[in-house]
Amino acid sequence: MPDTTFLGPALGLSAILFSLGAAGVLLRRNAIVLFMCIEIMLNAVNLAFVALAQLHGQSGYILVLFVMTVAAAEAAVGLAIILAIYRHKQSVDLQNINLLQG
Amino acid sequence: MIQFLFYLFAFAAVLGAVMCILSRNAVVSAIWLMGTMFSLAVIFFLLGAELIGILQILVYVGAILVVFLFVIMLLNLTHAASDLRGPVSLGTTIVVIGLLLLELAALWRYTPRRLAADIAQSPMLADPSTLFAAGELSRQDAAARGVVGALAAPLFQTYLVPFEITSILLLAAIVGAVVLAKRRI
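Residue numbers (the numbering used here), protein chains in the order written: chain P, 1 to 102; chain B, 103 to 287.
Simulated from the structure, these hints should not be mistaken for laboratory data. It is possible that some hints are incorrect.
Example chain P residues on the side facing chain B (calculated, C-beta under 10 Å, incomplete) [claimed, not checked]:
id	residue
1	S14
2	A15
3	L17
4	R28
5	R29
6	F49
7	A75
8	Q95
9	N98
10	L100
11	Q101
Here the structure is a predicted model, which is why all the values come from computation and not from measurement. Even glycine gets a Cβ: it sits at the ideal position worked out from N, Cα and C.
Next comes chain P alone, as it looks inside the complex:
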């Protein structure tokens, strides 16, 4: 089994990428960059699935397919929401979008 030598490093890389994505979500105020950070986090999870699929068989790959589908749907709807908000506020800065704070 030559592939499984990368199990630990791949899981570690997935952890680093997930943390970076979470840091981006906490740090940035631009809504579009925030979406990109969410994509980084989803990719990190995909990497963990692929790394463990070497041991557990095909179901890991199929879960990656589902994650990709959900990511595509999320990007489409999320970007449409951003477009609608931009039309309303002329801005994608999250500091200006605080309607729910009352």
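Go by the hints and put chain B onto chain P.
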């Protein structure tokens, strides 16, 4: 050689993610993110998931990132001021992310043997080759039927219902995106 390639592209992926977070221009962010996605595709290839690597390039780089770039250019966001949050938020982020990394960094030391020892019911059963027989079986399956065939069989048998639900999700997303992007909601 494979070891070197893995660490090279792992470094490229992390660099792309860091630059995506830090760069002020949204288009530059998207291009760095593209680098991360390509590096991850190479890593998927190295891990033996060829189909997933190709789908990564097709779906993420070819579809999702293009939509991102399209929206950025549609909204003309290329010359935005810096939008990093203030020092309080920076401190919170460093603490939260530091703790998260500290917990997750333990994953780095995992090998199949250690994983087997962790999840087996008793020490006698902790043999990776029997505990993870499914991985070896699916490798043989992929060698016999090809990568796509080996993936298609469980997708259309075990996971048929989630697969069909996915199509409903995509339809709902299409309709939702069209309705939201209309001029008057």
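Taking the hints in turn, this is what the structure says about them:
no., hint, result
1, S14, "8 Å, holds"
2, A15, "3 Å, holds"
3, L17, "6 Å, holds"
4, R28, "6 Å, holds"
5, R29, "4 Å, holds"
6, F49, "9 Å, holds"
7, A75, "5 Å, holds"
8, Q95, "8 Å, holds"
9, N98, "14 Å, violated"
10, L100, "17 Å, violated"
11, Q101, "16 Å, violated"
When the structure is compared with the earlier hints, violations turn up for hints 9, 10, 11 and for no others.
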